[in-house]
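Got chain L sorted already, so can you dock chain H onto it with the hints?
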Amino acid sequence: MSAVLTSLPFLQRIKFRDAGTLLGLIIIGTVFAVLSPSFLTGPNLLNVLQQSSINACIALGMTLVIISGGIDLSVGPVAALTAVLGATMMVAGVPFIVAVAGALCIGMLCGFINGALIAWGGLQPFIVTLGGLSLYRALALIFTGGQPIFGLPDGFRALTNGTLMGVPTPVVIVAMLAICAWVILSKTPLGEYFMAVGGNPEAARIAGVPVTMTKLAAYMISGLMASVAAMILIGRLGAAEPTMGTLWELDAIAASAIGGASLMGGRGSIIGTLIGCVILGTLRNGLTLLNVQAFYQLLATGIIIIVAMLIDKATSGK
Amino acid sequence: MTPRLSLSHIEKAFGAHKVLHGVSLTVQPGEVHGLLGENGAGKSTMLNILSGVFSADAGQINIDGASVTIGSPRAANLAGVAMIHQELQQVPELSVAQNIYLGAALRRAGGLLVDRAAQEAEARRLLAPLDASIDVTAPINSLRVAQRQIVEIAKALRANAKVIAMDEPTSSLTPTEFDRLVEVIKGLAARGVSIIYVSHKMDEVFRICQSATILRDGRLVARVDLPATPVAQVIELMVGRELSHVAHQSFATDKVLLQVKGLSRGRAVQDAGFTLHAGEVLGIAGLVGSGRTELLRLIAGVDSAEAGTVEVSGVAVGSGVRTRIKAGLGLVPEERKRDGIIRHRPVTSNIGLPAMRGFSRFGIIRRGKLKARSEELMQEVRLRPFDVSKPIGSFSGGNQQKAIIGRWLAADTKIYLFDEPTRGIDVGAKAEIYDLIEKLARQGRAIVVVSSELPEVIRVSDRVLVMREGRIAAELGTAEITEANIARHAIPAL
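Protein chains in written order, with the numbering used here: chain L, 1 to 318; chain H, 1001 to 1494.
Here chain L stands alone, though its shape is the one from the complex (with noise of 0.2 Å):
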């Protein structure tokens, strides 16, 4: 297997971190490949990415949030809110292109109040987003009264219901949407600006770095993510819930941290958050196959996030 990894040229690239976290994700993968029969098939590994597209699309927005010195708290809330609102539209009979468009817009529009807290007024990431985790879900709730909202056209649902060569259209979307991220963060201007109001916000300052407008942006593609995760899952469910996307933000956190995202900004990998996705959907996946009951599930995860804490701290030096 290694041979296979190293003929490739975009493996050789890879950062040291990253090629750790694919190497837990490939140890976890080998286990569940020994002990059951059907995990390594085709079928169930494009399953295994489905499960995770969801999460991945969360945490693409939470790295960069978190690379940024920032966490996003309100992703769940935000989702489940623009889900019901486009939900609505769509119901309504505004067609479903422009109510798409409607929902990612205020998705943008909650990171930026999130933003906007935090960058103008100068409140804490962690109280601002937590304040914002109330009450983007109680604006869904009093929205939809606590109802769910069905009935969404078909032309919607079949968006997120079919398959591109075989991939469901859910992992094609989130990839396209890694690399874009990916892009923004190694490639652009916005992804030095994160890296370094994450590692060093007041040298950043002094060096130019448009501080406010980084922090910004930061929290408007988190929204931005949010909604589109909620896009996603609402095409494939055919209802949009207001209780939808609970604890979404840990999940996310999670895939973050375990990819190498440091919590107190400055560093970390949308390569590696990926990774850190899968890892987690191949857990669930894995333990499913294995009869394996949910509460033990929930202990693995929480395992294998400490285990990769203890690791990174362990060959980073201190």
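Worth flagging that the hints you see were computed from the coordinates, not collected in a lab. Please note that a few of the clues may not be correct.
Cross-link-like lysine to any residue pairs, in silico, SDA-like; alpha carbons within 20 Å at most [said to hold, decoys possible]:
#1 H:1337 to H:1315
#2 L:15 to H:1222
#3 H:1337 to L:187
#4 L:313 to H:1122
#5 L:15 to H:1346
#6 L:187 to H:1371
#7 L:187 to H:1014
#8 L:15 to H:1344
#9 L:187 to H:1368
#10 L:313 to H:1368
#11 H:1162 to H:1122
#12 H:1371 to L:183
#13 L:313 to H:1393
#14 L:15 to H:1371
#15 H:1390 to L:262
#16 H:1390 to L:154
#17 H:1371 to L:202
#18 H:1337 to L:183
#19 H:1337 to L:186
#20 L:15 to H:1014
#21 H:1430 to H:1105
#22 L:187 to H:1430
#23 H:1369 to L:186
#24 H:1371 to L:188
#25 H:1337 to L:264
#26 H:1337 to L:15
#27 L:187 to H:1391
#28 L:15 to H:1389
#29 L:15 to H:1112
#30 L:15 to H:1252
To spell it out: a stretch of chain H is covered by chain L in this simulated footprint if at least three of its residues, at any positions, have a beta carbon under 8 Å from a beta carbon of chain L; those stretches are [said to hold, decoys possible]:
#31 1267 to 1277
#32 1321 to 1334
#33 1337 to 1343
Idealized CB from N, CA, C, for every residue including glycine.
Here is chain H on its own, set in the frame of chain L:
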């Protein structure tokens, strides 16, 4: 008489950099003794050794004739030495009594509970002769600085301190509060407590101290009796080192690049103005806290001014760091780790930050171009060849400083604002930084250098401004730049 405290032949080095060369100091019981010297003379290191923060490489410490080993701040306390830092080390939310008993709480119920009542009663007793108006139950952060200082003194007395060292205790006191402190210090001395008093302010030293030890460049220069020794002589002993005779070459033109008018911010900077020409190096001297750093930050737009204007090439520039950078100003900050570098990021990213858009095409950074330019710049600033893709945090202070200078070169900055350009940099790299400043001047750029090291100011400057208490106290032309002249204007009340 057996001295209360004697430090003999103290030696201390940080790496290869020796900061104390066999310094001795003696204090008698009940004596108030000044410890004098310029910034970097070794006063702080002496205090840190006395209070157990550092341990000396060689030398002996005796208290009341007995040899003591002071290996930690706690050991210093047990030996009877208390230190009152310039930045008071207190827990702001806790009460006066709790702060006095911090780490040594009085207990009851077999040691399980803190005996607050007893602590408060004791605190009241300790404070009574010092300042009876202080409420021992009030939180520390509700007190004025002067009162907080009194609380620190009470804490020292609680620990039965025989020697109390005070580092610049009056830097934030009003004259009336200072008078009060003088009374307290005299009262302590009368009770046999010895005081080591560190201050830049000659009038205070002459009013309080009976004697003083003068350090220069980590060496003992003299022990003098006060106030018998004339002020001028004390200052000469403090600053009168041989001038470093490197011929200074001026590249100043008469083209005005920067004009600063009436910049003010609180008490830190008041009505500061000057003109800077292309090719000119302007030194700004003054004591720590005289407003030099604050003035630079106002010019760079890092802090916003309450009044005043900044003009570059005759055009007024708006506020904000980014606006100022676009206008051609760049700050090389004093605290490199805190304000300068992004530690985990490669040298290229640190260099490219202000000009990232310039290195991009269609929104994508051209890494190859950034790397090539970084390498070119590093050659220009004579950085030993190294891998610019490694994190900047893995390089020495001198190399980090060169990278920060490279950052502004990359951004095509015209006016360089250096704050303590050689702080924490070894001697070899220092000379290179001076050469670099000269090179910038030769290329027609304008440079401001804030420095606490007078030889440095004299070495690099065409002209020197001396700041004192937030104001520009004097402007010295090339011929007038001498240590004595600078000191005369920098030190208040002379």
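For each hint, the structure was consulted:
1. About 33 Å separates the Cα atoms of residue 1337 of chain H and residue 1315 of chain H, which puts this hinted pair outside 20 Å; it is violated.
2. Restraint check for residue 15 of chain L and residue 1222 of chain H: the C-alpha separation of about 59 Å exceeds 20 Å, so the hint is violated.
3. With a CA separation close to 26 Å, the supplied pair residue 1337 of chain H and residue 187 of chain L exceeds the 20 Å bound.
4. For the suggested pair residue 313 of chain L and residue 1122 of chain H, the alpha carbons sit about 47 Å apart, so the restraint of at most 20 Å is broken.
5. For the hint linking residue 15 of chain L to residue 1346 of chain H, the alpha-carbon distance of about 14 Å falls within 20 Å, and the restraint holds.
6. As the CA atoms of residue 187 of chain L and residue 1371 of chain H are separated by approximately 14 Å, the hinted pair is consistent with the 20 Å bound.
7. Straight-line distance between C-alpha atoms of residue 187 of chain L and residue 1014 of chain H comes to about 41 Å, which puts the hinted pair past the 20 Å bound.
8. Taking the CA atoms of residue 15 of chain L and residue 1344 of chain H, the gap is near 14 Å; set against the 20 Å cutoff, the hint holds.
9. Taken as a hint, the residue 187 of chain L and residue 1368 of chain H pair is honoured in the structure, with Cα atoms around 12 Å apart against an allowance of 20 Å.
10. For a cut-off of 20 Å, the pair hint linking residue 313 of chain L to residue 1368 of chain H is broken: about 32 Å separates their Cα positions.
11. Of the supplied pair hints, the one linking residue 1162 of chain H and residue 1122 of chain H holds, its CA atoms being roughly 19 Å apart against a limit of 20 Å.
12. For a cut-off of 20 Å, the pair hint linking residue 1371 of chain H to residue 183 of chain L stands: about 18 Å separates their Cα positions.
13. The suggested pairing of residue 313 of chain L with residue 1393 of chain H holds, with an alpha-carbon distance near 18 Å, which does not exceed 20 Å.
14. At most 20 Å may separate the alpha-carbon atoms for a hinted pair to count; residue 15 of chain L and residue 1371 of chain H meet this at roughly 19 Å.
15. Proposed proximity of residue 1390 of chain H and residue 262 of chain L is supported: the alpha carbons are some 19 Å apart, at most 20 Å.
16. This hinted pair does not check out: residue 1390 of chain H and residue 154 of chain L have alpha carbons roughly 53 Å apart, beyond 20 Å.
17. Among the hinted pairs, residue 1371 of chain H with residue 202 of chain L is inconsistent with the structure: their alpha-carbon atoms are about 24 Å apart, more than 20 Å.
18. With a C-alpha separation of about 29 Å, the suggested pair residue 1337 of chain H and residue 183 of chain L falls outside the 20 Å cut-off, and the hint is violated.
19. For a cut-off of 20 Å, the pair hint linking residue 1337 of chain H to residue 186 of chain L is broken: about 24 Å separates their Cα positions.
20. Between the alpha carbons of residue 15 of chain L and residue 1014 of chain H the distance comes to roughly 36 Å, so the proposed pair goes past 20 Å and is violated.
21. Distance check on the hinted pair: residue 1430 of chain H and residue 1105 of chain H sit about 48 Å apart at the alpha-carbon level, beyond 20 Å; violated.
22. Using a Cα cut-off of 20 Å, the hinted pair residue 187 of chain L and residue 1430 of chain H is violated, with the two alpha carbons roughly 36 Å apart.
23. Using a Cα cut-off of 20 Å, the hinted pair residue 1369 of chain H and residue 186 of chain L holds, with the two alpha carbons roughly 15 Å apart.
24. Only pairs whose Cα atoms come within 20 Å are accepted, and residue 1371 of chain H paired with residue 188 of chain L is accepted, the gap being roughly 15 Å.
25. Taking the CA atoms of residue 1337 of chain H and residue 264 of chain L, the gap is about 16 Å. The hint holds against a cut of 20 Å.
26. A distance of roughly 26 Å separates the Cα atoms of residue 1337 of chain H and residue 15 of chain L; the hinted pair therefore is violated under the 20 Å criterion.
27. Using a Cα cut-off of 20 Å, the hinted pair residue 187 of chain L and residue 1391 of chain H holds, with the two alpha carbons roughly 18 Å apart.
28. For the suggested pair residue 15 of chain L and residue 1389 of chain H, the alpha carbons sit about 13 Å apart, so the restraint of at most 20 Å is met.
29. For the hint pairing residue 15 of chain L with residue 1112 of chain H, the CA-to-CA distance comes to about 53 Å; that exceeds 20 Å, so the pair is violated.
30. Proximity of residue 15 of chain L to residue 1252 of chain H is assessed by CA-CA distance (about 49 Å); at most 20 Å being required, the pair is judged violated.
31. Only residues whose beta carbon comes within less than 8 Å of a beta carbon in chain L count, and the stretch 1267 to 1277 of chain H has 0; fewer than three means the coverage is violated.
32. Remark: the stretch 1321 to 1334 of chain H is confirmed as covered by chain L, as 5 of its residues place a Cβ nearer than 8 Å to a Cβ of that chain, reaching the required three.
33. Beta-carbon proximity to chain L at under 8 Å applies to 6 residues in the stretch 1337 to 1343 of chain H; the threshold of 3 is reached and the given coverage holds.
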